[in-house]
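Novice: Sequence:
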Amino acid sequence: MAQQLRAVKRRIGSVKSTQKITRAMELIASSRIIKAQRRVEAARPYAEQLRNLMSSVQRNAGSIDHPLLKQREGAGRVGMIVITADRGLAGAYNSNVIRAAERDMAGHSDTKLFLSGKKAISYFKFRGYDFSDAWEGYSDQPKIENARKVARAAVEAFSRGDIDEVRLAYTTFQSAIIQRPVVVRLLPASSDDIAAQEDTSARANYVFEPEPEDILSFLLPRYIEGAVLQAMLEAAASEHSARRRAMKAATDNADELIEGLTRVYNQARQAEITTEIMEVIGGAEALSGGGRDAGRGTTVQRATPNAADLTKAGG
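To convert a position in the sequence shown, counted from 1, into the numbering used here, add 64.
A few of these clues could be false.
[Claimed, not checked] Using 16 angstroms as the maximum straight-line C-alpha spacing, the simulated EDC-like pairs for lysine to aspartate or glutamate come out as follows:
| no. | residue 1 | residue 2 |
| --- | --- | --- |
| 1 | Lys73 | Asp319 |
| 2 | Lys189 | Glu200 |
| 3 | Lys182 | Asp168 |
| 4 | Lys134 | Asp226 |
| 5 | Lys207 | Glu289 |
| 6 | Lys176 | Glu112 |
| 7 | Lys176 | Glu166 |
| 8 | Lys207 | Asp150 |
| 9 | Lys134 | Glu220 |
| 10 | Lys80 | Glu320 |
| 11 | Lys80 | Glu336 |
| 12 | Lys182 | Glu200 |
| 13 | Lys176 | Asp194 |
| 14 | Lys73 | Glu336 |
| 15 | Lys189 | Asp150 |
| 16 | Lys182 | Asp150 |
| 17 | Lys134 | Asp228 |
| 18 | Lys213 | Glu200 |
| 19 | Lys189 | Glu166 |
| 20 | Lys176 | Glu229 |
| 21 | Lys207 | Asp319 |
| 22 | Lys80 | Asp316 |
| 23 | Lys84 | Glu320 |
| 24 | Lys176 | Asp204 |
| 25 | Lys73 | Glu323 |
| 26 | Lys99 | Glu220 |
| 27 | Lys80 | Glu289 |
| 28 | Lys176 | Glu220 |
| 29 | Lys213 | Glu289 |
| 30 | Lys182 | Asp204 |
| 31 | Lys134 | Glu229 |
| 32 | Lys84 | Asp319 |
| 33 | Lys84 | Asp316 |
Don't read these hints as lab results, they were simulated from the structure.
With the sequences and hints as input, model every part of the structure.
Specialist: Below, the structure written as structure tokens:
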């Protein structure tokens, strides 16, 4: 019984130690969500203005035959950019975006991977996928330099003709509660999508220097970099939100587990105390019963000589 009590007590202490870690991680994730959300909101105006500028250049340039806008026949070779986290303990965050990427990859005959995040790297490496471009160490706080490296690798592979299409798998941040994994196409960039962001206000005629084609050639890679950065920022905010929910659930589960173990410990302790009380009572009764028997024997021994004396006296 004593050994069982010690085991339960050790387990309670272990769960409490783990609960302190999960609660601390929950608080850290909660504080980082606000910063990540602000970075997402701050990056959106830049992307919108870049789209408007590209739309204006394209409208004034007329028909532009740019390699990053040209649709290719077949599009069998696909470059897939997968954005995950560097750490776990975020629930199903990493597995959801990886599954979304794998479902999309199943529809293409050949796929070249561009992996961002340690979880994506370890997952695809363990399953034997061949990839040469991978980056890690910045998933919770991505910067433009990180997005530029990923975007340039994908754009260069597309420009060389190694791939016919570039797709991006990441998790969109809609709110602190809702995050959804999506797969979108980056290249070839759709001129219709660019024109859809056109400003409907009063239009102005521009004189371009250099030519609009040259300006668009400069803006398109910046546009891809901005799209990748926006995806990384939304993925970071989604990661913190998922980690906060997972750690809160772990903390709540630890509370329930501690409560159940404490109940088991108290019941075992009560049973042990009851057993000890019964043993004390049994010992006391045994001592009390032995004393009475010893008293009766002394009385009989004393009564015997008195009876003999009385007999002699009567004779």
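Novice: Can you confirm whether the C-alpha distance between Lys207 and Glu289 stays at or below 16 angstroms?
Specialist: Judged against 16 angstroms, a Cα distance of about 11 angstroms means the pair holds.
Novice: Quick one, are Lys182 and Asp168 close enough, alpha carbons at most 16 angstroms?
Specialist: 21 angstroms, violated
Novice: Taking only the CA atoms, is the gap from Lys207 to Asp150 under or equal to 16 angstroms?
Specialist: With Cα atoms ~15 angstroms apart, Lys207 and Asp150 stay inside 16 angstroms; holds.
Novice: Does the alpha-carbon distance linking Lys134 and Glu229 stay inside the 16 angstroms limit?
Specialist: Measuring from Cα to Cα gives roughly 10 angstroms; hence the hint holds.
Novice: Within a Cα-Cα threshold of 16 angstroms, do Lys189 and Glu166 meet the stated pairing?
Specialist: 14 angstroms, holds
Novice: Can you confirm whether the C-alpha distance between Lys182 and Glu200 stays at or below 16 angstroms?
Specialist: 6 angstroms, holds
Novice: Given the hinted pair Lys182 and Asp150, is their alpha-carbon gap at most 16 angstroms?
Specialist: 4 angstroms, holds
Novice: Between Lys99 and Glu220, is the straight-line Cα distance small enough, at 16 angstroms or below?
Specialist: Given pair Lys99, Glu220 is violated - Cα atoms ~32 angstroms apart, limit 16 angstroms.
Novice: Assess, step by step, whether the Cα of Lys73 is no farther than 16 angstroms from the Cα of Glu323, and give holds or violated.
Specialist: 12 angstroms, holds
Novice: Can the restraint linking Lys80 and Glu289 be considered satisfied, given a maximum Cα separation of 16 angstroms?
Specialist: 45 angstroms, violated
Novice: Lys176 and Asp194: Cα distance at most 16 angstroms?
Specialist: 8 angstroms, holds
Novice: When you check the alpha-carbon spacing of Lys84 and Glu320, does it fall within 16 angstroms?
Specialist: 14 angstroms, holds
Checked against the numbered hints given earlier, the structure breaks hints 3, 6, 11, 21, 24, 26, 27 and satisfies all the rest.
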